[in-house]
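Got chain R; can you put chain X on it based on the hints?
These protein sequences, in sequence, are chains R and X. At position 105 of the first sequence the residue is numbered 105 (my numbering), and the sequence of numbers has no breaks. Position in the second sequence (from 1) plus 1000 gives the number in my numbering.
Don't take every hint at face value.
Said to hold, decoys possible - Beta-carbon label-pair distances, calculated as ranges:
| id | chain 1 | residue 1 | chain 2 | residue 2 | range |
| --- | --- | --- | --- | --- | --- |
| 1 | X | 1005 | R | 194 | 37 to 43 Å |
| 2 | X | 1062 | R | 197 | 32 to 38 Å |
| 3 | R | 176 | X | 1052 | 30 to 36 Å |
Claimed, not checked - Capping the alpha-carbon separation at 16 Å, the derived lysine to aspartate or glutamate pairs in EDC-like fashion look like this:
| id | chain 1 | residue 1 | chain 2 | residue 2 |
| --- | --- | --- | --- | --- |
| 4 | X | 1054 | R | 194 |
| 5 | X | 1046 | X | 1078 |
| 6 | X | 1054 | R | 16 |
| 7 | X | 1046 | X | 1128 |
| 8 | X | 1046 | X | 1131 |
| 9 | X | 1046 | X | 1075 |
Stated by the list, open to error - Cβ-to-Cβ under 10 Å is the rule here; a few derived chain R residues that face chain X:
| id | residue |
| --- | --- |
| 10 | 158 |
| 11 | 160 |
| 12 | 184 |
| 13 | 244 |
Just so you know, these hints were derived from the structure itself, not from any lab. C-beta atoms are modelled at their ideal positions from N, C-alpha and C, and glycine is treated no differently.
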Amino acid sequence: MTLLRELLQALRRMLETIGAVVLFLARMLAYTPAALARFGLVVQQVYNAGTLSLVIIMLCGLFVGMVLALQGFDLLQRFGAEESLGTAAALGILKELGPVVTALLFSGRAGTALASEIGLMRATDQLAAMQMMAVDPVRRVCVPRFLGGVIAMPLLAAIFSGIGIFGAQLVGVQLMGVDAGQFWSQMRTSVEVDDVMEGLIKSSVFGVACSLIAVYEGFHSQPTAEGVGRATTRTVVISAVVTLILDYMLTALLL
Amino acid sequence: MRQTRAIEFSTGLFALLGFAALFFLVTQITNREVRFGESGYRLLAKFDNIGGLKVGAPVAMAGVTIGRVESIAFDPADFKAAVTLRIQLRYNQIPEDSDASVYTAGLLGGQYIGIGPGGSETYLRDRDQIEFTQSAIILENLISKFMFSLAGKGDKEEADGTTAEDTTQ
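If we strip away everything but chain R, and leave its shape as in the complex, we get (with noise of 0.2 Å):
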């Protein structure tokens, strides 16, 4: 019996976070317009976490792009149709690695800067002062950020899509031998402008979760250091899983 109470309790917090959140995202959308106008902010935070994670972007794509190649050709040569490489690994980086693991890399690299950086504001009383200002919080601090994430997502997204397959040119035609005029027609041929679409979909959404968790993580911690760690631990958990779950929904309805 109480068991059965503590499962209802439980289902009813996750309600209520769930509604929190809503609620959170629909006061920023409401703030969105307002906050297009002061695009500075909004540049300014593109750049927090657009253009400070180029680097690991670009680094990661590569490699996975590499890798990709390696087990491609290896996968392939097994059924004699290693000409396949560059339709395999460019679907796979296009549709699936590309916009999944940037928004793992950008929940990592920039959604915790934003979760720890807004609670660290709420810890300091910066955000109560600026309420005490009459300025809101929710409009200067966290839709700008919210906005410069959603921007910068589908970017790095499609970068690292770019590097990814030239990474697996370079494994799949420098070194594993694959003719390069074949990886690059089979692509071309069989490669949709759909599926550039589904990735860009995809990374889309995840650049408005993943920043919506990490925003909504900072600005309700708790006003201490632990509870900025919390923070800051929860926005990398739920925005992978969160990731993952899309992921999969995404994938099932743009099929």
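Frame of chain R; chain X shown alone:
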């Protein structure tokens, strides 16, 4: 001030790189050529069966791509597939009595439309129809035809064999 300008510069660079990557993905990785506005003229062809032909499939003449399949619709009047082809403007000398067929590229490749030139002196113009068409070859039909002919042949031989034995006895 200097710092914000540095930030704006590197953010601009990042955005540029992102869009360049996207452009690279769309133009270099996919089969879509960059098109600046719609160009070319339309031809119509009706097929009994188009098999797995898709919108965007190439239209080739002597193996050279001269256009793309623009749209595919079902024509309820004569139960045929109405395929609209968009041919590039510089290939404007396709004889009137040319024929269009649905071919398969490679053994398992995608399907495309091949145009065989006719001998007429007048050329097809915008919105003209290609009268002579040949449907896609459906692999299953081909196999079943082959199987039935093989089975029929086998029965016949068996019948012949028995009659031959009968005569020797």
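Here is how each hint holds up against the structure:
1. Our hint of 37 to 43 Å for residue 1005/X and residue 194/R holds, since their Cβ atoms are close to 40 Å apart.
2. Against the hinted window of 32 to 38 Å, the Cβ-Cβ separation of residue 1062/X and residue 197/R comes to about 33 Å, which satisfies the hint.
3. Remark: the range hint 30 to 36 Å for residue 176/R to residue 1052/X is upheld by a beta-carbon distance near 32 Å.
4. Distance restraint check for residue 1054/X and residue 194/R: the Cα-Cα separation of roughly 14 Å lies within the 16 Å cut-off, and the hinted pair is therefore satisfied.
5. For a cut-off of 16 Å, the pair hint linking residue 1046/X to residue 1078/X stands: about 9 Å separates their Cα positions.
6. The suggested pairing of residue 1054/X with residue 16/R is violated, with an alpha-carbon distance near 48 Å, which exceeds 16 Å.
7. Proposed proximity of residue 1046/X and residue 1128/X is supported: the alpha carbons are some 12 Å apart, at most 16 Å.
8. This hinted pair checks out: residue 1046/X and residue 1131/X have alpha carbons roughly 8 Å apart, not beyond 16 Å.
9. Only pairs whose Cα atoms come within 16 Å are accepted, and residue 1046/X paired with residue 1075/X is accepted, the gap being roughly 9 Å.
10. Checking residue 158/R against chain X by beta carbon gives a least distance of about 4 Å; that is within 10 Å, so the hint holds.
11. The criterion of a C-beta within 10 Å of any C-beta in chain X is met by residue 160/R, whose closest approach is roughly 8 Å, and the hint holds.
12. The restraint placing residue 184/R at the interface with chain X holds, with a minimum CB-CB distance near 8 Å, inside the 10 Å limit.
13. For residue 244/R, the shortest C-beta to C-beta distance to chain X is roughly 23 Å, which exceeds 10 Å, and the interface hint is violated.
The structure fails hints 6, 13 (numbered hints given earlier, in ascending order).
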